[in-house]
Amino acid sequence: MRAAKCSSWTIGILSLLSWGLAFAETPAPIQKFLAQHCTDCHSGDEPAGDRNFETLDLTTNTSTVRAALQEIADQLELGSMPPADGSELSNSRRKEASALLSKILSEKRRTMARTKPSATLRRLSRREYRNTVSELLDIDMTMFDPTTDFPADQLIDGFDNNTTALTTSGFLLEKYLQAADACVEKAFANLEDVTPIEWNFLPPFQAQDELQNRFHKVYGENHEMILYDNPNSDPSFAAYGVLDRLSNGVPVDGMYEIRVRATALNRDTPFATPGTFHIDLAEPYRLGIRPGDTKSEDLYHSLPIEPLLAEHVLVDNQTRWYPFRIPLSAGFTPRFTFENGQHDVRGALLSRIRARNADAVPETIQNSPNFSERFLWSLRNGKIPQIRIAEVRMRGPLPRDNSNQPESPRRLLETTEFLKTEQIERPIAQFASTAFRRPITKEELAQLIRFYDLQREHGNSSHEAYKATLKNILCRPEFLYLRSEDTEAVPLDAYAIAERLSYFLSSSMPDEELSTRASQGRLSQPEERAQEAGRLLQSPTRTRFVNDFLDNWLDLRSLGSMPPDTKTYQIYYQRSLESAMREETRRFFSDMLDRNASATEFLTATHSFVNRGLATLYGIDSAISPRKANDFARVTFTDGVRGGLLGQASVLTVSANGIETSPVVRGVWLLDKVLGISSPPPPADVPALDPDVRNATSVRDLLEKHRSSASCNRCHYKIDPLGFAWEEFDPIGQHRRFYGTGKHKTTIDSSGTLPWGDTFLNFRQFRKQLEAKKTFFVRNLTSKLLTHALGRTLQPDDRGAVDAIMSAAAANDYPIRTLIVEIVKSDLFLR
Amino acid sequence: MPDKNITLDQFAAERLPATTRFPSLAIGDSTGLHGGCQLSWTRSGTRVPPIEGVSSLYRVLFEQVGQQGRAAAAKGLANQASILDSVREDAQSFRSRLSAADQRKFEEYFSAVRDVEQRVQARRRWLDIPKPEAPFPQPKNTNMVEDLPLIYDLIALALQTNSTKIATLEIGGAFKPPHLGIQGDHHALSHHGKREGHIQALITLDTYQIQHFARFIEKLASINDHDGRSLLDTTTVLLGSGMGDANTHTNKNLPLVLAGGGFEHGSMIRFTDDSSNRPPLCNLFVSILQQLGLEVDRFGKSTGTLRGLA
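Taken in order, these protein sequences are the chains called L and R. Read in the working numbering, the first sequence has 88 at position 88, and its numbers run on one by one without any break. Read in the working numbering, the second sequence has 1064 at position 64, and its numbers run on one by one without any break.
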């Protein structure tokens, strides 16, 4: 934990502005206002916060002056300047000055020279590339990811689509070559129709190495498939049921029908306590299927690609058939999982059973020095909750249904077999035009045909040459880079607008409808763009916008990159909370989009969406039926704590490090993500905080000491209080009243004074105080949406456009869809 | 900084003659705390994808490619070369349509093409040269704790067989305390809050890592390189941590061990908080680069070579 840089008050994006401008004629009232309230501190050789208002020439119209005026206006509106120990300023004077500043600013913006565009050429981010090749070649990406080896994209302010960070290197281009090869080959491999195959799997089933012998001893040589652990256990212990005889996986990509004869056993185990098996026995068992790549070394443990493909709730103690229908990629095999099985129990079984019921364990076993003997006894007599699978029947690939995609890229590939040379132009032109997201030029087509011919000359078949050409297309800058404004004078054409719209709202290339509009030139008018944005926001591809924007804005992608302590926060793993937390925030935002709800609901809502795992974390597990434990339901909270964004476990977890919470880190997080106020990094030579949990020194006390230094306080009085309010939540977002346990237990003080002077006693009151600053929140949200849309950092002079978008959406308190639509309607969207 | 955030290994790899199959090896996790290995970065700001796990490292170094595999690889490389040829030529017209600022940005693409062309060429050259003979059968991945000695052995072999001149290893999130019989995870333990139990556990973990580092040094010392010198004499080895004190989360006063490379060893060079004019770590890097025979007088934020080091 480090203290933030003690330099100054800042709002929004600030460079270190040097305000060494001549003092000249200044709009009198503002000049007087500044002299009266600001220049006491903001003047001289070492002005407070490096801001000297005496030398600021307000008669000029430079970006420096505009940024300064904007900053002053924002500080006045927020109420954090002048500081409490500064000059008295009445509310009416404050409003007056703020209004005047805004007026001067809008006049300056109206007359300002348009700034020269900086580099805006942007390559596809990793996720955009992935989505685009998937659509372009009609490849199912559930089990196929050509981008796993790509160097990770770097983030700027949390955004992964910022042009500055999206560099191209040899390492990346090499991966592009390999990915192009893999994608095109996969697309063609999927074209062949394969007669469905039928499989039937019966005992004996193979268990993981270290269990196989023991299972033989306990369950016999011909044992069924047996599942104990949930797939999050590490290392797992009978967590994955594997069809060992399907050692090369399925032969081709496709949908497969799987029927499983399974039994749920021991939900009534006499050894059940929360601590024995780490399982919630109120829930009926869930049998899941997760894919396994047969090329990986060990299918009995967790693998990089293993999404839950389908699941069934099982009936207790009865053997029944359960049908599944799942996609599988060539080389993958289904693996069966006990989704809500026990967690991380392994070798400690006996001691746990004994703790629950000492009499149940014979003395000879209890005292046996032989681990294996004790272990086998536990398996035999421990009544371990488990799923048994007696038989698996499988059939596939099922016939494909292409009827709803008459013009799919697949068709384009299908029609190209055995083409004569003169016929190759059309499919190449078509594929390249789709890939380039605009009609291919004659010159470009000639280039590609030249390449095709060269391939033929080198002795490749027409089929090989065609594939090579498609691979070539996927490595070209026209595919890899998004269109930028060519020059100042030439506005974006309709294709470039279509591209910008679709990468903003669906993280992928334009769909057919959008491409058609582009070809008709029907996107230059704001209303035309609004209509398309509205359509995209209702299309299924919206999920990608929701997920990607939340990842960028709230850094949800980092959930799990600082794993919570496995010992203290076991519930996080046992209940798969990482994905549940993400899902809550996504559903919350998605639902707002559905209702076109006010953007301020992020702050004000009393509802949210939870499954049973989250409900347990929030202490309302009775709200979700154990039978539907994995379903999300809308719940309304009456505690004033949950509901809305600020009480969601996702943001509370991602702003902590998995081990402890820091009011500084969380304070900085809240200022940035909620209010749009960035905090400068701490200076190099600050004393570090040295956490010590052995005595009663709380982090609050440590910080209080820190703030007693005036230079530290200049930033920390703004940062820390927000973090204090969130101290009511532990590193995984559980509500808490105390730090520590036992003799180290101390009560948490979550009160504070906000930078603008309002005070709060606890998190509930803090939330209310923030609601009063909703314009700051909405402006920040608008800015983040724009950053996501434009793929670049907003500049101070973009502020006018942000404000214009906001006022266009101000009716009904900034409905969220309206805000987004106003963004695509704006001129800035085209720049 | 003119070299942006390029890391020491890539900086050196750019300058050393390309006489080895691999210009450098980056070994570490691709996922985990902070998104995995952060030790190796290119000039354009791209993270070099790390080789993960002992089994992949073994395959990279020793897996022989059969005749069929070689033919397929040769064909794949030829295809890549022809695509590169074509895009390099055709991208000129793409470039000409860009604004001046975008043209500067687009230079990245051209230099990437040149870079990969060189790599493809080098690969084609190396394709017909068999890899060194495998010293033992391919190991399976167990876990980073148990595999650590083997990874060190493979790095020593990579240097010995002249497969590379530069290797980096990050022992990151995959190094899990339970495999050493310690409850909890490394990151949690490192935020120890002065708890005695946590500190003891950290000592055990660090001791294990240092012991295997020492074993690695001894191994290098026992291998003859040339001119009667040991591999350790001709190899500079640097061990360190990005945290000076994980509990306070400070990146000052980093604990560092420098071995081999013909430096004068056997002493502790101390720069404490209160000593004036504390040198930046990059000064050590300049010393290392010069010791490698490279004519370099600055790296990153360096202000010179590291004083006190001979």
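Be aware that one or more of the hints could be misleading.
[Unchecked claim] Below are the BS3-like pairs computed for lysine-lysine, each with C-alpha atoms no more than 25 angstroms apart in a straight line: (1) Lys-1219/R / Lys-1194/R; (2) Lys-567/L / Lys-743/L; (3) Lys-1131/R / Lys-295/L; (4) Lys-743/L / Lys-1131/R; (5) Lys-95/L / Lys-743/L; (6) Lys-1176/R / Lys-705/L; (7) Lys-825/L / Lys-768/L; (8) Lys-1219/R / Lys-1004/R; (9) Lys-705/L / Lys-743/L; (10) Lys-1194/R / Lys-1004/R; (11) Lys-103/L / Lys-32/L; (12) Lys-1219/R / Lys-1140/R; (13) Lys-774/L / Lys-95/L; (14) Lys-1176/R / Lys-567/L; (15) Lys-1194/R / Lys-567/L; (16) Lys-1075/R / Lys-186/L; (17) Lys-295/L / Lys-186/L; (18) Lys-1252/R / Lys-1301/R; (19) Lys-567/L / Lys-745/L; (20) Lys-1194/R / Lys-1252/R; (21) Lys-705/L / Lys-768/L; (22) Lys-103/L / Lys-773/L; (23) Lys-825/L / Lys-108/L; (24) Lys-32/L / Lys-217/L; (25) Lys-295/L / Lys-1140/R; (26) Lys-95/L / Lys-745/L; (27) Lys-1252/R / Lys-705/L; (28) Lys-705/L / Lys-773/L; (29) Lys-1252/R / Lys-295/L; (30) Lys-745/L / Lys-1301/R.
[Claimed, not checked] Distance windows between CB atoms, simulated: (31) Ala-633/L / Gln-1211/R: 45 to 55 angstroms; (32) Gln-154/L / Pro-1149/R: 28 to 38 angstroms; (33) Lys-1075/R / Ala-282/L: 51 to 61 angstroms; (34) Leu-1254/R / His-458/L: 47 to 57 angstroms; (35) Pro-1130/R / Asp-149/L: 18 to 28 angstroms; (36) Pro-1130/R / Leu-191/L: 32 to 42 angstroms; (37) Gln-1211/R / Ser-63/L: 26 to 36 angstroms; (38) Glu-1218/R / His-458/L: 50 to 60 angstroms.
Everything labelled a hint here was simulated from the structure, so no lab data went into it. Cβ coordinates follow ideal geometry from the N, Cα and C atoms, glycine included.
**Message:** Flag every earlier hint the structure violates by its number, smallest first.
**Reply:** 1, 4, 5, 6, 7, 8, 10, 21, 24, 26, 28, 29, 30, 37
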